[in-house]
Amino acid sequence: MIRHLKILEYALSSLVRRKFKNLSIIVVYTLTISVLASILFLTHSLKLEASNILLEAPDVIVQKISAGRHDLIPAEYITKIRDIPGVGTAKPRYWGYYYDALTHSNYTLLGSDSNLTGLSLLKGSMPSDSGQCAIGKGVSDVRLTGIGREMILVDSKNTGVVFTIVGVFSSESSLLTNDLVILEKEDLIKFFGLKAGSATDIAVKVHNENEVQTVAGKIKQLLPDTRPITKSEIIRTYDTVFNWRSGMMLTIFSSALIAFCILAWDKATGISAEEKQEIGILKAIGWDTGDILVLKFWEGIVVSLTSFLLGIIAAFIHVFFLGATILAPVIKGWSVLFPDFRFVPYIDLYQIFVMGFLTIAPYIASTVIPSWKASVTDPENVMRG
Amino acid sequence: MAEGKLLIHIEDVTKIYNPGKPDEIRALSGASLNIGGGEVIVLKGPSGSGKTTMLSLIGCMSRPTSGKIVVEGRDVAKLPEHFLTNIRRKTFGFIFQQFNLIRNVSVIENVLLPLYPLKTGLSEMRERGEKVLGDLGIREKWHLKVNRLSGGEQQRVAIARALINEPDVIIADEPTAHLDRQLSLDLLKILEDLNREGKTVVIATHDPIVYDHPFVKRIVEMRDGRIQGVTVK
Amino acid sequence: MIKHRFFIGVTLLEVIILSIFFFYSLASVQTRSRDEMPAKRQLVKLLELTDLAIWTEARYTRHPSQADLFTPFQEFPSSLEHFPAGSIIAPLKSAESTTMIFGR
Chain A
1 MIRHLKILEY ALSSLVRRKF KNLSIIVVYT LTISVLASIL FLTHSLKLEA
51 SNILLEAPDV IVQKISAGRH DLIPAEYITK IRDIPGVGTA KPRYWGYYYD
101 ALTHSNYTLL GSDSNLTGLS LLKGSMPSDS GQCAIGKGVS DVRLTGIGRE
151 MILVDSKNTG VVFTIVGVFS SESSLLTNDL VILEKEDLIK FFGLKAGSAT
201 DIAVKVHNEN EVQTVAGKIK QLLPDTRPIT KSEIIRTYDT VFNWRSGMML
251 TIFSSALIAF CILAWDKATG ISAEEKQEIG ILKAIGWDTG DILVLKFWEG
301 IVVSLTSFLL GIIAAFIHVF FLGATILAPV IKGWSVLFPD FRFVPYIDLY
351 QIFVMGFLTI APYIASTVIP SWKASVTDPE NVMRG
Chain B
386 MAEGKLLIHI EDVTKIYNPG KPDEIRALSG ASLNIGGGEV IVLKGPSGSG
436 KTTMLSLIGC MSRPTSGKIV VEGRDVAKLP EHFLTNIRRK TFGFIFQQFN
486 LIRNVSVIEN VLLPLYPLKT GLSEMRERGE KVLGDLGIRE KWHLKVNRLS
536 GGEQQRVAIA RALINEPDVI IADEPTAHLD RQLSLDLLKI LEDLNREGKT
586 VVIATHDPIV YDHPFVKRIV EMRDGRIQGV TVK
Chain C
619 MIKHRFFIGV TLLEVIILSI FFFYSLASVQ TRSRDEMPAK RQLVKLLELT
669 DLAIWTEARY TRHPSQADLF TPFQEFPSSL EHFPAGSIIA PLKSAESTTM
719 IFGR
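Chains as they are written, first to last, in our numbering: chain A, 1 to 385; chain B, 386 to 618; chain C, 619 to 722.
Bound-form chain A, shown alone:
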């Protein structure tokens, strides 16, 4: 123990000697870790949040597919679906997208039944009459408007329609409602000019949860031009949306990995004459190969552990206290309406340990292995300068 502490002491002296080099390594290393950890924290949090919230999503959504694309679904499909054993309710959903040329943003327009009440995340009320609407926080922010004001949207006949805003969803719900504009169902059908007797898709409720897959299979059999999407598929989508293999993760991971390899390669091949000389001196004055490896091990630990811990701390503050302000523009992409994230700090210790192992171990290896080669030579070389 005392031997390790003393060698650690000398390792620190040795690191302090090359202050700027080692500080810059720590800074770059910390930055890499904090970017990686930020992405992991953020995606993990979104993933868990999505799978928790979407548990209440409809059991099956049935779309009509025409020529490989989502098409409006005829109303008579609803009765056919209702007749399938095990199906509880089947209701048409009316929704669509709206491009707002004024703010260059896309809204999602959703038609609702007029009798919805008791939504705790809504200030005001849902539209209960024609000419009313409730909007998401993002829409109200981008239009600089609020309850009681009017909003003009251009319908499918290119005429402006005036809606009175009767409700605004609170910011706590913006992960779900940020770009929503809720209209009364009939208003929406008229606004989009939907064909009579057709809906956007059908939401199906199944009595027995275990039968959802079977029901979906039956729908597909009965109505071959439809595509049933089950709740588990919806949840699974968000599970894979933020997984390790997804594009950005792969890009950032591989660039971080390449940076690491360059660093390791540089260290492995470029152990300087000065370092070699020092190892020789240490051997000459009574250190053996093991002592030198312990020294290099501690040098590696000091740099990599410090960077790792600092990186994780920075990532935690960045994602959970600052709402991922630095990463947000990257995730945001070209979205005009982007929710203010208030990430729930779900932490996966396993993820952190894996990351620790994958970043600390290679660094230590790349510090110890090259010195090992230099330290097994006879110390007499040092006498020949």
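Don't take every hint at face value.
What the hints assert, rightly or not - Computed cross-link-like contacts, DSSO-like style, restricted to lysine-lysine with a CA-CA straight-line distance of at most 27 Å:
| # | chain 1 | residue 1 | chain 2 | residue 2 |
| --- | --- | --- | --- | --- |
| 1 | A | K80 | A | K195 |
| 2 | A | K276 | B | K504 |
| 3 | A | K205 | A | K218 |
| 4 | A | K276 | A | K80 |
| 5 | B | K453 | B | K463 |
| 6 | A | K276 | B | K406 |
| 7 | C | K663 | A | K218 |
| 8 | A | K190 | C | K621 |
| 9 | B | K516 | B | K530 |
| 10 | A | K47 | C | K621 |
| 11 | A | K64 | A | K195 |
| 12 | A | K123 | C | K663 |
| 13 | B | K602 | B | K584 |
| 14 | B | K463 | A | K373 |
| 15 | A | K205 | C | K663 |
| 16 | C | K663 | A | K80 |
| 17 | A | K220 | C | K663 |
| 18 | C | K663 | A | K64 |
| 19 | B | K516 | A | K276 |
| 20 | C | K663 | A | K91 |
| 21 | A | K19 | C | K663 |
| 22 | B | K602 | B | K463 |
| 23 | B | K504 | C | K621 |
| 24 | A | K276 | B | K475 |
| 25 | C | K621 | B | K530 |
| 26 | C | K663 | B | K516 |
| 27 | C | K663 | A | K185 |
| 28 | A | K373 | B | K516 |
| 29 | A | K373 | B | K504 |
| 30 | B | K390 | B | K618 |
| 31 | B | K463 | B | K406 |
| 32 | A | K373 | B | K475 |
| 33 | B | K526 | B | K516 |
| 34 | C | K621 | A | K276 |
These aren't lab readings, by the way, just hints derived from the structure by calculation.
Please arrange chains B and C on chain A, whose structure you already have, making use of the hints.
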């Protein structure tokens, strides 16, 4: 001077570098030498004569290609590295031609370097370091980086480092090569004092100041890897 | 001769900060899933929502779970991704029972 008991016994030792390769060098052939406790012995010869090789073999820094080296009753040619290191730590203190101090590290840390891998406690290390530096008259410079010291002071740091383990044998390779006449004499004075305390001193040099100095008792002349003759004063 | 104490102290401090963060996150997850989750679920249930409103630039980024299987590839599986968000979300995986499988 009465010689103590036999400390190092070298018998028919040959050292070949890179054997079997085009750059093979025969640095030492068939050398035999006995060194007793408390002796002062100088290896004298031009460069390339095998002095440094001889020193590194005596100091257990390398193993001979053939022959026998017995230090404190053990044949070091056959010992594994760990034991060699152990013997080196306990028995030898080295003073090198280029000082071989670690740049940008403080004087005291340089002096204490040999103790870091040992079990000695930090406070005891500190005490010993201060004592050695005090003996050599550079105690007040303990916190400075070694590269800010003068050549003579650096030499003293190197000596302090060689002494920190309280070794029986001091091995010095061309210790006066980078020193002027006055500093060389100071160094010899220090070595003389150490010898008076009972330490064995082995010096490799071609500097007349060293081998003409009265405290040197035996001069071994080397040429082309062989021992040419031994002069006892 | 106190550098190692400094290092150990700093490392301990970092570990303590991380542990505080960890316990903070445990507590925060608990309170937020107690306070906010039921209301959010109610929203999903009553409005029959299927997706998170994160990316609004395209159908398949606004409703990844509802997008048809061709859109994310712009009709061509190896076409370059147009929207940055598309590089974050993986293409939809369909369950076997809801996909047409051709018999042999």
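Status of the hints after comparison with the structure:
1. A/K80 x A/K195: 19 Å, holds
2. A/K276 x B/K504: 26 Å, holds
3. A/K205 x A/K218: Roughly 14 Å separates the two Cα atoms, so the pair holds.
4. A/K276 x A/K80: Roughly 81 Å between the alpha carbons, so the hint for A/K276 and A/K80 is violated.
5. B/K453 x B/K463: Roughly 9 Å between the alpha carbons, so the hint for B/K453 and B/K463 holds.
6. A/K276 x B/K406: Satisfied, since the Cα-Cα distance of roughly 24 Å is no more than 27 Å.
7. C/K663 x A/K218: This hinted pair holds, its Cα atoms lying about 24 Å apart.
8. A/K190 x C/K621: It is violated: about 75 Å lies between the C-alpha atoms, which goes past 27 Å.
9. B/K516 x B/K530: 19 Å, holds
10. A/K47 x C/K621: Roughly 43 Å between the alpha carbons, so the hint for A/K47 and C/K621 is violated.
11. A/K64 x A/K195: Measuring from Cα to Cα gives roughly 14 Å; hence the hint holds.
12. A/K123 x C/K663: Answer holds: A/K123 to C/K663 is near 18 Å, not above 27 Å.
13. B/K602 x B/K584: At roughly 14 Å apart (the allowed maximum being 27 Å), B/K584 and B/K602 satisfy the hint.
14. B/K463 x A/K373: 22 Å, holds
15. A/K205 x C/K663: Since the Cα atoms of A/K205 and C/K663 sit roughly 11 Å apart, the hinted pair holds (cutoff 27 Å).
16. C/K663 x A/K80: 24 Å, holds
17. A/K220 x C/K663: Roughly 24 Å separates the two Cα atoms, so the pair holds.
18. C/K663 x A/K64: Satisfied, since the Cα-Cα distance of roughly 22 Å is no more than 27 Å.
19. B/K516 x A/K276: Violated. B/K516 to A/K276 sits at ~31 Å, over the 27 Å cutoff.
20. C/K663 x A/K91: 13 Å, holds
21. A/K19 x C/K663: Status violated; Cα separation ~58 Å.
22. B/K602 x B/K463: Between B/K602 and B/K463 the Cα gap is close to 31 Å, so the pair fails against 27 Å, i.e. violated.
23. B/K504 x C/K621: 18 Å, holds
24. A/K276 x B/K475: 24 Å, holds
25. C/K621 x B/K530: 16 Å, holds
26. C/K663 x B/K516: Distance ~81 Å between C/K663 and B/K516 Cα, so the pair is violated.
27. C/K663 x A/K185: 17 Å, holds
28. A/K373 x B/K516: 36 Å, violated
29. A/K373 x B/K504: Holds, because 26 Å separates the two Cα atoms, which is no more than 27 Å.
30. B/K390 x B/K618: The given pair, whose Cα atoms are some 19 Å apart, holds under the 27 Å limit.
31. B/K463 x B/K406: 23 Å, holds
32. A/K373 x B/K475: Holds. A/K373 to B/K475 sits at ~26 Å (cutoff 27 Å).
33. B/K526 x B/K516: 13 Å, holds
34. C/K621 x A/K276: Satisfied, since the Cα-Cα distance of roughly 24 Å is no more than 27 Å.
When the structure is compared with the earlier hints, violations turn up for hints 4, 8, 10, 19, 21, 22, 26, 28 and for no others.
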